[in-house]
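Novice: From just these sequences and the hints, can you work out the full model?
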Amino acid sequence: MTDEMMKEILGGLTQELRRGVVVLAVLSQLHEPQYGYSLVSKLAEMDFPIEAGTLYPLFRRLEKQGLLESLWDTNESRPRKYYRLSPMGKDVYDQLCEEWSQMVISIGNLLKSEEGEKDGNS
Amino acid sequence: METVERYIYAVTRRLPEKARADVELELRGLIEDLLEERLQGKKASKDDVNEVLMELGNPEDLAKEYGGKPQYLIGPRLFDSYFKVLKLVGSIVLALVELVVVIKAFMAPMGIVAFIIEFLGTLFEAGIQVFVWVTLVFAGVEYFGQDDLGGSAKEWTPALLPEIPDQKRQIPMSESLVGIGLSILFLVMYIMPQRFSVIQVAGSSTTVIPIVNQEMIPRFLPLFIAFAGVTIFKEVWKLAKRVWSGEVAVVNLICNGIAIVLAYLLFANPEFWNPGFIEQVLEANVSSATGILQTLWPLVTTRFIYVIVIAYVIDALSALYRGFSIHDKGARRKLHD
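From first to last, the protein sequence lines are chains A and B. All residue numbers for the first sequence refer to this note's numbering, where the first residue is 1 and numbers rise by one. All residue numbers for the second sequence refer to this note's numbering, where the first residue is 1 and numbers rise by one.
Any given hint might turn out to be false.
Here are the in silico distance ranges between beta carbons for each label pair [as the list claims (entries may be wrong)]:
(1) D47(B) - H31(A): 52 to 60 Å
(2) Q167(B) - R19(A): 46 to 54 Å
(3) E247(B) - V21(A): 46 to 54 Å
(4) D47(B) - Q65(A): 35 to 43 Å
(5) P162(B) - A44(A): 28 to 36 Å
(6) K18(B) - C97(A): 29 to 37 Å
I should point out that these hints are in silico values taken from the structure, not numbers from a laboratory. Computed from a prediction, not measured in an experiment: that's the story for all the values here. Note that CB positions come from ideal geometry on N, CA and C, so glycine has one too.
Specialist: Right under this line is the structure:
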């Protein structure tokens, strides 16, 4: 197994991991209305960069599912579509957060126990 | 900015009609934002635009992210059924058209080269036809079909598991193909009696003595087609089911019942057979065979129906036996395991 192949596999797996939590990251920032590009910059600032090409379609999907509400703002120089959590979106976000915390704990335990075993064996 | 418009068009044209205007506005806003950030008030050059668009990536992928129309003809949901149907229909149709080619070759003998050319040509043509039509139908289902179409969308239960094929319960494909072939052969023989069911008398001239009553063919033909059709239907059904079961045996029984009634209406009717057969034989003066033909003829015309009935009854009974009793044995054996 060459280094390059390993890097490629690792890259793919990391991307899959990220893909799972992108929705959580996006929802977390939408208590206040955001338009697509403002959120791209914001997430990049917070060290969770996400491509505009991923975010814009994701907005539409979440709006279709009823988690987001949208509003066109035509007052500024160029029209912008703002999104924010709908009441249902808030509920879903809260529950998703709980799921996430639970998962972090479980995975943390798993990783820790593995560490412990390693230490025990050596 | 023309490139930007072309980029936006390349994305939106792949989207459903009602989403286009919205996505277009949004995308344009996004691209302008990206440009603005990059330039900080300077004027955008062509390179800047290109770089921003490169950042957004292939419009095809972006459209896919937006959930545009599927970019495939037959998706993974239908592909399994598609492949199965293609194989089944393909094998039946190809076997049948080649059979017709062989029958034709028997009726009007041709050189071996001509035969091979015809054989391969037919194979190619029919293969393409099957492929195109089956594919078109499935593409249509994929395009217009609802999301809950197709087998995998059904709620799965262990009862849906296919049985492991049991050698004894399997319906041999050859059996069905022979059945279909014989039906078509009969039909062709009946439609062209002058070509086929003939006794040719050697000598300077050839006399053709049809076995069936040629004048009555138009009247009997619908019945005959139904007779062949019900048999072909039965065999195709068996080909599709692959294994004997109670259901297949019952369908088999019903088809055979219909076939027997139709056979009775056909072969037991004296008008079906050539009424002048004996005279024509005597007239043609087939010295060696006249005697045999004279004794055989009444036997054939009156008893042929019995042969048919017995054959169909035996077939129905053996199907019932295989459909029901082997099923029980299989179940019992599984219990013992």
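Novice: Next step is simple, just say for each hint if it's right about the structure.
Specialist: Status of each hint after checking the structure:
no. : hint                         : verdict
1   : D47(B) - H31(A): 52 to 60 Å  : violated, 39 Å
2   : Q167(B) - R19(A): 46 to 54 Å : holds, 48 Å
3   : E247(B) - V21(A): 46 to 54 Å : holds, 51 Å
4   : D47(B) - Q65(A): 35 to 43 Å  : holds, 39 Å
5   : P162(B) - A44(A): 28 to 36 Å : violated, 52 Å
6   : K18(B) - C97(A): 29 to 37 Å  : holds, 33 Å
In summary, the structure is inconsistent with hints 1, 5 from the numbered list given earlier, while agreeing with the others.
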